[in-house]
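Undergrad: One line per chain: the protein sequences are G and F, in this order.
Just add 15 to the spot in the first sequence (first one is 1) and you have the working numbering.
Just add 15 to the spot in the second sequence (first one is 1) and you have the working numbering.
Among the hints, erroneous ones may be present.
Note: identical chains are not told apart, hence a pair may lie in one copy or across any two.
Below are the SDA-like pairs computed for lysine to any residue, each with C-alpha atoms no more than 25 Å apart in a straight line [what the hints assert, rightly or not]:
id, residue 1, residue 2
1, Lys-207, Ser-84
2, Lys-137, Ile-187
3, Lys-165, Met-117
4, Lys-72, Ser-111
5, Lys-127, Val-139
6, Lys-137, Glu-73
7, Lys-137, Arg-85
8, Lys-207, Glu-175
9, Lys-165, Asn-114
10, Lys-165, Tyr-193
11, Lys-207, Val-29
12, Lys-207, Glu-48
13, Lys-165, Ser-111
14, Lys-165, Val-28
15, Lys-137, Met-117
16, Lys-207, Pro-224
17, Lys-137, Glu-48
For the record, the hints were derived by calculation from the structure and aren't laboratory data.
2 protein chains.
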Amino acid sequence: MSETGLPTARTRVVREPDRAVYDRETVYRILDEGFLCHVGFTVDGQPFVIPTSYGRKEANLYIHGSAASRMLRQMKEGVPVCITVTLLDGLVLARSVFNHSMNYRSVIVLGKATLVDDPEEKLVALRVLSEHILRGRWDDSRQPNERELKATSVLRVPIEEYSAKVRSGPPIDDAEDYSFPTWAGVIPLEIKAGSPINDPQLDPNRSVPGYARNYNRRS
Amino acid sequence: MSETGLPTARTRVVREPDRAVYDRETVYRILDEGFLCHVGFTVDGQPFVIPTSYGRKEANLYIHGSAASRMLRQMKEGVPVCITVTLLDGLVLARSVFNHSMNYRSVIVLGKATLVDDPEEKLVALRVLSEHILRGRWDDSRQPNERELKATSVLRVPIEEYSAKVRSGPPIDDAEDYSFPTWAGVIPLEIKAGSPINDPQLDPNRSVPGYARNYNRRS
Numbered sequence: 016m017s018e019t020g021l022p023t024a025r026t027r028v029v030r031e032p033d034r035a036v037y038d039r040e041t042v043y044r045i046l047d048e049g050f051l052c053h054v055g056f057t058v059d060g061q062p063f064v065i066p067t068s069y070g071r072k073e074a075n076l077y078i079h080g081s082a083a084s085r086m087l088r089q090m091k092e093g094v095p096v097c098i099t100v101t102l103l104d105g106l107v108l109a110r111s112v113f114n115h116s117m118n119y120r121s122v123i124v125l126g127k128a129t130l131v132d133d134p135e136e137k138l139v140a141l142r143v144l145s146e147h148i149l150r151g152r153w154d155d156s157r158q159p160n161e162r163e164l165k166a167t168s169v170l171r172v173p174i175e176e177y178s179a180k181v182r183s184g185p186p187i188d189d190a191e192d193y194s195f196p197t198w199a200g201v202i203p204l205e206i207k208a209g210s211p212i213n214d215p216q217l218d219p220n221r222s223v224p225g226y227a228r229n230y231n232r233r234s
Numbered sequence: 016m017s018e019t020g021l022p023t024a025r026t027r028v029v030r031e032p033d034r035a036v037y038d039r040e041t042v043y044r045i046l047d048e049g050f051l052c053h054v055g056f057t058v059d060g061q062p063f064v065i066p067t068s069y070g071r072k073e074a075n076l077y078i079h080g081s082a083a084s085r086m087l088r089q090m091k092e093g094v095p096v097c098i099t100v101t102l103l104d105g106l107v108l109a110r111s112v113f114n115h116s117m118n119y120r121s122v123i124v125l126g127k128a129t130l131v132d133d134p135e136e137k138l139v140a141l142r143v144l145s146e147h148i149l150r151g152r153w154d155d156s157r158q159p160n161e162r163e164l165k166a167t168s169v170l171r172v173p174i175e176e177y178s179a180k181v182r183s184g185p186p187i188d189d190a191e192d193y194s195f196p197t198w199a200g201v202i203p204l205e206i207k208a209g210s211p212i213n214d215p216q217l218d219p220n221r222s223v224p225g226y227a228r229n230y231n232r233r234s
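Sequences are here, hints too, so could you generate the full structure?
TA: Shown next as structure tokens:
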């Protein structure tokens with residue numbers, strides 16, 4: 016999707032175009048449900064794909080990391096990146112091997128990452144990143160100090176050139192396969208949070224806050 | 016990791032080197048627990064990162080897709096790729112914003128993808144891919160025919176240059192932060208399967224097979 020409302024040659028979904036989604040609202044919903052992205056960048060012709068957390072504020076994605084990391088060192092030079100977010104919703108078991116699939120929602124954003132220099136935007140972005148993963152945690156933590164802010168780089172990637180791909184629902188088999196003698200259907204998959212585990216050094220009088228006890232990505 | 020048993024300049028973990036893992040057994044365990052990877056490749060200087068399933072057989076990764084897909088079209092020309100697998104194990108809540116982290120296990124494999132031409136290896140690879148995701152399903156499905164095999168491309172990426180990164184355990188706070196008045200600990204995260212959903216067109220006399228009823232990635 017370009018800002019003109021049409022996919023570009025680079026973001027147009029080639030395979031299974033019926034799964035393509037280009038509207039910004041759907042893309043934002045996917046980005047807001049996930050919090051782990053895979054960032055692609057190229058160094059000397061070799062692509063690297065690194066998992067990292069992200070946050071979204073309006074039409075920008077923010078990622079962060081140590082100022083010393085390979086990813087951040089490379090990316091602040093304004094090289095092209097690809098940020099991909101994938102939510103896996105289930106295994107789709109068709110009658111034929113060939114028609115097996117997965118239910119998923121994924122977004123790719125192509126763009127250039129820019130280092131956030133402005134201290135105010137940097138702090139806002141870090142808060143967005145934190146709240147994106149766990150709402151309520153920022154205010155309940157010791158705030159970053161000058162040294163920590165200096166050691167952290169924040170990058171902004173505008174959500175301008177993007178596309179999403181969504182598959183949902185039951186398997187689609189070839190007509191002649193519906194009589195094949197096997198089970199067919201969907202195994203739903205979901206990220207589930209277990210019971211919070213206290214830090215061994217936690218003050219034993221302190222109880223688990225609500226935002227950690229009832230963690231759930233689904234909105 | 017290179018075949019000589021040492022990380023290369025490209026796979027040496029730069030940040031948090033204490034989290035680096037270079038032994039093949041650990042890498043294989045991570046690869047065998049996951050089944051969704053993110054594949055990075057570069058087209059005209061622009062990196063793309065695409066989610067897809069994979070399988071492993073000995074020291075090779077296999078991915079597959081439609082012969083018509085952008086990813087497969089690009090990759091069979093022998094361009095460098097990066098395959099990244101990330102297993103997310105939990106959110107790590109430290110006292111300070113700065114020391115928040117995630118527990119995860121991730122692997123990156125750098126290499127060149129080669130199109131699998133040999134029909135026998137292709138069929139074996141497709142079976143590996145299927146069994147990697149859901150053991151027992153292949154034999155319980157209608158086998159691929161000639162037309163379907165032709166429409167599917169399989170790529171082999173040797174696991175030669177790789178590294179893994181693992182973080183586990185409680186948060187690590189700065190000494191002076193342990194008295195900060197907040198909860199600290201880990202919220203464990205896991206991919207959980209829900210109850211299988213019958214295909215609406217399923218023969219009502221057919222019951223859910225064991226491999227679908229008790230789906231669990233953990234070994």
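Undergrad: Flag every earlier hint the structure violates by its number, smallest first.
TA: Violated hints: 1, 8, 11; rest satisfied.
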